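Novice: Assemble chain G onto chain Y, guided by the hints.
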Amino acid sequence: MKYYVKTIISVMLITLMSTIAKAADIKIAELNWQTGSMIAYVDSYIIKHGYGHDTEIVPGGIDATIPSMITKGSPNIVGEMWISSLGDEALTALNDGTLISVTDDKGVIIGAGEGWFIPKDVAEKHNLTTIEDVLARPDLFPHPEDSSKGGIVICPEGWSCKQTNLNLFKAFDMEAKGWKVLEPGSQTGLNAHWEGSVTKGKGAFGYYWTPTVFVGRLGLVGPLSSEVGFAGDDNWTKCIASQTDELCANAQPSQWPSSKTGTIVTPGLDQAVVDYVSVRSLSGSFTTTMLLWMDDNQATAEQSALHFLNTYPEIWTKWVTPKAAKKVKASLK
Amino acid sequence: MNFPSLDRETITSFKKSIDSTFREFAINWGDWFTELLSPIHWLLIHFEKLLIATPWYIFLSLTSLLLWKATQNWKLILGFLISFILIGLVGMWDDTMRTLAIVVVSTLVCIVIGIPIGILMAKNNLAHRIILPILDLMQTIPSFVYLIPVVMLFGLGKIPGLIAISVFAIPPVIRFTNIGLREVNKDLKETAQALGLRPLLILRLIELSLARNVILGGINQTIMMALSMVVIASMIGVRGLGSQVMNSIGNGYLGLGVISGLSIVALAIIIDRAIQSHNKRYDKWRDYK
Numbered sequence: 001m002k003y004y005v006k007t008i009i010s011v012m013l014i015t016l017m018s019t020i021a022k023a024a025d026i027k028i029a030e031l032n033w034q035t036g037s038m039i040a041y042v043d044s045y046i047i048k049h050g051y052g053h054d055t056e057i058v059p060g061g062i063d064a065t066i067p068s069m070i071t072k073g074s075p076n077i078v079g080e081m082w083i084s085s086l087g088d089e090a091l092t093a094l095n096d097g098t099l100i101s102v103t104d105d106k107g108v109i110i111g112a113g114e115g116w117f118i119p120k121d122v123a124e125k126h127n128l129t130t131i132e133d134v135l136a137r138p139d140l141f142p143h144p145e146d147s148s149k150g151g152i153v154i155c156p157e158g159w160s161c162k163q164t165n166l167n168l169f170k171a172f173d174m175e176a177k178g179w180k181v182l183e184p185g186s187q188t189g190l191n192a193h194w195e196g197s198v199t200k201g202k203g204a205f206g207y208y209w210t211p212t213v214f215v216g217r218l219g220l221v222g223p224l225s226s227e228v229g230f231a232g233d234d235n236w237t238k239c240i241a242s243q244t245d246e247l248c249a250n251a252q253p254s255q256w257p258s259s260k261t262g263t264i265v266t267p268g269l270d271q272a273v274v275d276y277v278s279v280r281s282l283s284g285s286f287t288t289t290m291l292l293w294m295d296d297n298q299a300t301a302e303q304s305a306l307h308f309l310n311t312y313p314e315i316w317t318k319w320v321t322p323k324a325a326k327k328v329k330a331s332l333k
Numbered sequence: 334m335n336f337p338s339l340d341r342e343t344i345t346s347f348k349k350s351i352d353s354t355f356r357e358f359a360i361n362w363g364d365w366f367t368e369l370l371s372p373i374h375w376l377l378i379h380f381e382k383l384l385i386a387t388p389w390y391i392f393l394s395l396t397s398l399l400l401w402k403a404t405q406n407w408k409l410i411l412g413f414l415i416s417f418i419l420i421g422l423v424g425m426w427d428d429t430m431r432t433l434a435i436v437v438v439s440t441l442v443c444i445v446i447g448i449p450i451g452i453l454m455a456k457n458n459l460a461h462r463i464i465l466p467i468l469d470l471m472q473t474i475p476s477f478v479y480l481i482p483v484v485m486l487f488g489l490g491k492i493p494g495l496i497a498i499s500v501f502a503i504p505p506v507i508r509f510t511n512i513g514l515r516e517v518n519k520d521l522k523e524t525a526q527a528l529g530l531r532p533l534l535i536l537r538l539i540e541l542s543l544a545r546n547v548i549l550g551g552i553n554q555t556i557m558m559a560l561s562m563v564v565i566a567s568m569i570g571v572r573g574l575g576s577q578v579m580n581s582i583g584n585g586y587l588g589l590g591v592i593s594g595l596s597i598v599a600l601a602i603i604i605d606r607a608i609q610s611h612n613k614r615y616d617k618w619r620d621y622k
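Chains as they are written, first to last, in the working numbering: chain Y, 1 to 333; chain G, 334 to 622.
In case anyone wonders, no lab produced these hints; they're calculated from the structure. There may be inaccurate statements among the hints.
[Stated by the list, open to error] Simulated crosslink set (DSSO-like; lysine-lysine; CA at most 27 Å straight-line):
(1) Y:Lys-180 - G:Lys-382
(2) Y:Lys-202 - G:Lys-348
(3) G:Lys-382 - Y:Lys-149
Just so it is clear, the structure is predicted and the values come from calculations on it, not from any experiment.
Okay, chain Y solo, but in the shape it has when bound (with noise of 0.2 Å):
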């Protein structure tokens, strides 16, 4: 999901769109993950019948939209964006104003957030409930090359959790507990990993992210939180999720933190659709139940959006104003 970026397509796709299509009023990047797309296509909905607006929906992945919005101030609008996942550039252009993150603190989507999961059945019946408890028992989550070790999935190549796996195995001390990496090699394996092993009644212990239709569909629990807690910022930045070759030398073990969600906008924006975007949010709870339809039908992320427009406007009329709330409701009859 979030740092998985088919980065060169996204930035030919982009140019090619803001190239050929006509301008619109804003432009919305489609993140490439479900809930991301999701809100994208709400908001092109509300925005272009509620205010009024004409808009456009670009592909985007993370690498690539905040760069355009940076350089040519598009797209306009970034629904979902992971805040922790931010580069340095990101940061710069929000500190000097060239981007303005306008969500409050409980985020796009709350409760959101990465860490470690395992199936709910594999929990209820051996009574795991902490990272701790899981680490205790190896022989639960056989590695498929070794079965005496117990195997953890972790990121993909080319993902920054990677790192951030790589350094709490090391400071959970994995490997003395019986523990060996089990590397996925891309999001389809990490997928199917989950999928085939949940499926097959098998235990699965590892990296995922919430809320996603798989956490919802297969029933995984987690992010597993640790008996040592959140064991400080300076822990979790400068050591666990540093990005640098080598494992970080004095790890301390950690819980994973809750990650925040905000959606990015570039400066000028009308300020009534500046003020919908900067309350609209949703549950975890929610967002599952949402992602949960999703998948049932197959349905694409614009079919889900209109579901979610006719089903729950008790959510979204909270969102705008009553005047557009009225316009939104005539144009979906």
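Specialist: Just chain G now, with coordinates in the frame of chain Y:
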């Protein structure tokens, strides 16, 4: 005007029924298949361990010896030594060994399965008509389509990687075996029959011997395709040069991409030249221009 497609519910339920049928299949048969392939899995793991554990100088001298036996071409051996020393110097040695291990084992699997199928195709026109479109399908279907089911069946790692590689790489060896056998001179076969040789002996002594170079050409193609699939296989957790390429794509590391990509190219060229040079030596009487 839109094409009159089935309504969305019908299509969705059709797609979902495929999903659930496959899930059912994975639950019931996943472990059985994993068990079935466990000898190959064992071979993969231990061959890789062996290659990585072998000290580099022993690997280089043994392989040089092998190449000399096969080709007697000192230029090739020089090229091999230079490129592998460069690979070692840029820190790609272990990954190259991992890639070599999976490519060698995949190629063996392709040969063991592919040559008998090729023989069957050459001998039986019905089999020929049935298998040919299947080979086309295997070479053109986007590998992502079967990557996910394969991982669901076998889990992450080497076995699904081997299957993904083999599905893509096996067609040349089958095709070339078929063509090679069909091209054997009919008069020779008749003579052999007149001398009283049984069909199996004719196959072994005459047909396979004469088709040898064509079949080796097929194996060569299979190895090349296996190498090109290494990057795709790394998407499901096969470590090696492919995962370095993935890493460089994910992070935009151009240098790493070039180094790991060129390492794959070096492997491919050396294997290709070795087989060609061996072929030339094997039948000097042929007029190679």
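Novice: Are the hints correct? Go through all of them and say.
Specialist: Taking the hints in turn, this is what the structure says about them:
| no. | hint | result |
| --- | --- | --- |
| 1 | Y:Lys-180 - G:Lys-382 | 16 Å, holds |
| 2 | Y:Lys-202 - G:Lys-348 | 25 Å, holds |
| 3 | G:Lys-382 - Y:Lys-149 | 17 Å, holds |
Of the hints listed earlier, there is not a single one the structure fails to meet.
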